[in-house]
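J.: Please build the complete structure, drawing on both the sequences and the hints.
Line by line, the protein sequences are chains A and B. So the first sequence is numbered by the working numbering: it starts at 80 and just counts up by one. So the second sequence is numbered by the working numbering: it starts at 3 and just counts up by one.
Just so you know, the hints here were simulated from the structure itself, not pulled from any lab data. Every residue gets a Cβ at the ideal spot worked out from N, C-alpha and C, and that includes glycine. Hints are supplied without guarantee of correctness; some may be wrong.
A few chain B residues facing chain A, derived, Cβ under 7 Å [to be verified]:
1) R26
2) R28
3) T29
4) G34
5) T36
6) S73
7) G74
8) T75
9) S93
10) Q138
11) A260
12) S319
13) A322
14) R326
Short, incomplete list of chain B residues facing chain A, as computed with Cβ under 10 Å [claimed, not checked]:
15) D18
16) E31
17) L35
18) L47
19) M95
20) C140
21) A257
22) A320
23) V324
24) P329
25) D380
26) A381
Some chain A residues flagged as far from chain B (calculated, every beta-carbon gap over 12 Å) [to be verified]:
27) P206
28) A261
29) G263
30) A353
31) T510
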Amino acid sequence: MSEATPDAGAGAPTGDDPFGALLDDCVHCGFCLPTCPTYVLWGEEMDSPRGRIHLMAQHHEGTPLTPEMAGHFDACLGCLACVSSCPSGVQYDKLIDHTRAEVEREHPRTVPERALRAAIFALFPYPRRLRAVRGPLRLYQASGLGRVVQPVLARLSPSLAAMERLAPPLGRARRLPERIGARGERRAAVGMLTGCVQREFFPQVNSATARVLALEGCDVLVPKGQGCCGALSLHSGRTEEAKAFARATIEAFERVDAIVVNSAGCGSAMKEYAALFADEPAWAARAAALSGRTRDFSEFLSELGPRARRHPVEVTAAYHDACHLAHGQGIRSQPRELLRGVPGLDLREVADPDVCCGSAGTYNLLQPEAADALGERKAIQVGATEAELLIAANPGCTAQIASALARRGTEIAVAHPAQVLDASLRGLGATPLLSHPDQIARTTMR
Amino acid sequence: MLQGLAEELRRVLRPDSVIDDPVRLRTYECDGLTVHRARPGLVVLPEAAEEVAAVVRACVARGVPYVARGSGTGLSGGALPRTDGVLVVTSRMRRILEIDLDDQRAVVEPGVINLDVSKAVRPDGYHYAPDPSSQQICSIGGNVAENSGGAHCLKYGFTANHVLACEIVTPEGEIVTLDDGPGYDLLGAFVGAEGTLGITTKVTVRLTRNPEVVQTLLAAFSSIEQAGEAVSAIIGAGIVPAAIEMMDALAIEAAEAAVACGYPENAGAVLIVELDGPEPEVAHQFAQVKALCLDAFEQRVARDDADRALIWKGRKSAFAAVGRISPAYIVQDGVVPRTSLPRVLASIDRLSRESGVKVANVFHAGDGNLHPLVLFDDAEEGAEERAEGVSGAILDLCITHGGSITGEHGVGVDKARYMPRMFTDADLDTMQLLRCALDPAGLCNPGKVFPTPRLCGEIPRVRRGEPEGELY
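T.: Okay, structure coming up:
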């Protein structure tokens, strides 16, 4: 089982002021400060969870939402490290989601800000549109134009520069079939979420996930109708948009017993559906059922127990906790256990594992300076482990850290735990993890 | 007036280190104690001693009061800002400047987090001994101001025992270093002065070698009296544990809800007894301790460091964890002679029953430092006043039993009114002589510690304008 996720605090939302009750849970002890990435960077109260809750309370009491306030909310990565460190059970996840929605309603954004947000939310949650940009992106990457374009972009727009830098090197995207049969005696039948960015930009992670599940005795169903789970919208205050995506996801996965998700942010969002639809009688039960059936890849395999034979993968690896896995879902031990079960794999811990790498969904596109500073910090800590391979359950994290390491002149191979397991179960050794062109982070100029 | 000061300070500090936006200022209106709030007139985030000195001199020149603040976790309102003054926040002064393992010392800036000192030297087998429950976030500068304690201070002593030197900015804006050299122990006076004698800008701390072995016992008793007797028996046997901590049923319930620390069920009280030192000594005394905890219905020995950390997690998160079982509460801090513990606890229980106000007890049993948590519902009319009444009555109990109104949280603004219950006017005047000697203008964290701040001029025998050099 996963480690317990913090449950409701004393002031669980009840009565006629649920948001006020959530705010009241905070006793101002400050235990959340040391793991808050922006507090670590800037050392300011208003860029800490405790300070942001104070700002939310000011707004709740009637202070108009000032641009300064909005700036501090926008600067929050939504990494939820504060939820893990809070002894009083403050549900900061609910507080910030609600607040972001208010910011979107009340805070006028500048034209460039609006354009960037519109572009992000018109592109990323739509696999088909992502597929459309793959071709031009591949051409661009092959042309070597990046060397010329990157410095210009960096001056024009740090956000666009970040987008260019973080785009993964693209190979051919293979579609997964709708059903992949279990190898050996069938132990379970699971649905698999393919995601948006994962499906179009990291297809190798999805195929590895499906293979490992099949090799461990699962029938894997990949429903055709699935689209974006709504995580990006949900964690950016675009609640209605998120609900529309969520409803479609609920419908697509209604007929499977368990849904295995290999992207931390998506899994976290799907487990939030229950709360998202709590006030909608028509959807509440269906949403709760889906949340209850959602499992992270490593969480699912840990519950299922290992059966397939593990072959050695001789590699020194560092495991990085993706925030939406560790803080969002309380999943820390399962991926480590899974990786320790691979013979020959020397697993190293990264210092300050609770602190976010700065990727945080769209954060590195919307707040590129802070994201870079956090990436830099994490890169130094990952570098100190002297690992050859960086493993994380979220493609955003590995792209972010590998890009920060590349800026420091260090290359590191990256992989999802599913890819490591896949190599072990198929007896491929470490070579494909370390040398496959898709896995190696692209060195970029800066 | 503060607007002019803000502009002046923006020329000295980085512009974004001076905060005057009202919404931002309000996030600094209180520290870990939220019952007292005041929006600071101005907040500055200096990054060097020279910047702190420049801020202090600018304040003194304009007659503006100023208050220092570290991580803002204090529990007596010691860092409560002044609405007409400047809050000097040291959270950006957080570099560990030097680690000297041969001499077992480290030099750190005041904003460095307590636990980060231990983390930095852990691979070499050392740690920084004072361990307040808030050690994961409280700052060394704040620890110096409050002379902070912690569970292991029973054996290792308080912050004062682990600070070898302090560079400070005096209340008049001079940078000086206080150390433990011959002459008056001004360092001793400074540590625990609650920020009224100047602002710390650099601290030399003692590093303690990690003990050879650590053994931790979690003993569950059906009643708090039995647990109290076990404490007396252990200390009476001449054993000096690294820590002896007690929690009652209500505190256990809160900790369990917060961090699932897995304490035995249905315990009226638990004791955490930790022994450390050379292996043979610890083994011998640990057996003695287990035998002395005979009345415990369950004894659990920490299997490894992870298990020990979980036992401590329950204890260390207890204050904030009470937020899970009560909408609001007061964290009290008082001291009684260890031998009076059972009587005082019985009296607290009586107070609680008579008033209908629930009290959870968490304390450093080894040195009689109580932390009663007085629970109330702030939505209920008059509940806060009733809780305040019980909280004050507990302090009276401490005083009548020959104890103190604070063990480690400090007097701050919260307990200044209780000072006359412990001290005569002459006592308080004498203490203020020292303060006036160093802070003649009365601008350095005014309104803290003393119930009635006296103008320095009112006190006879104080000569003003003494050259500072003679003091150090």
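J.: Quick check: which numbered hints come out false for this structure?
T.: none
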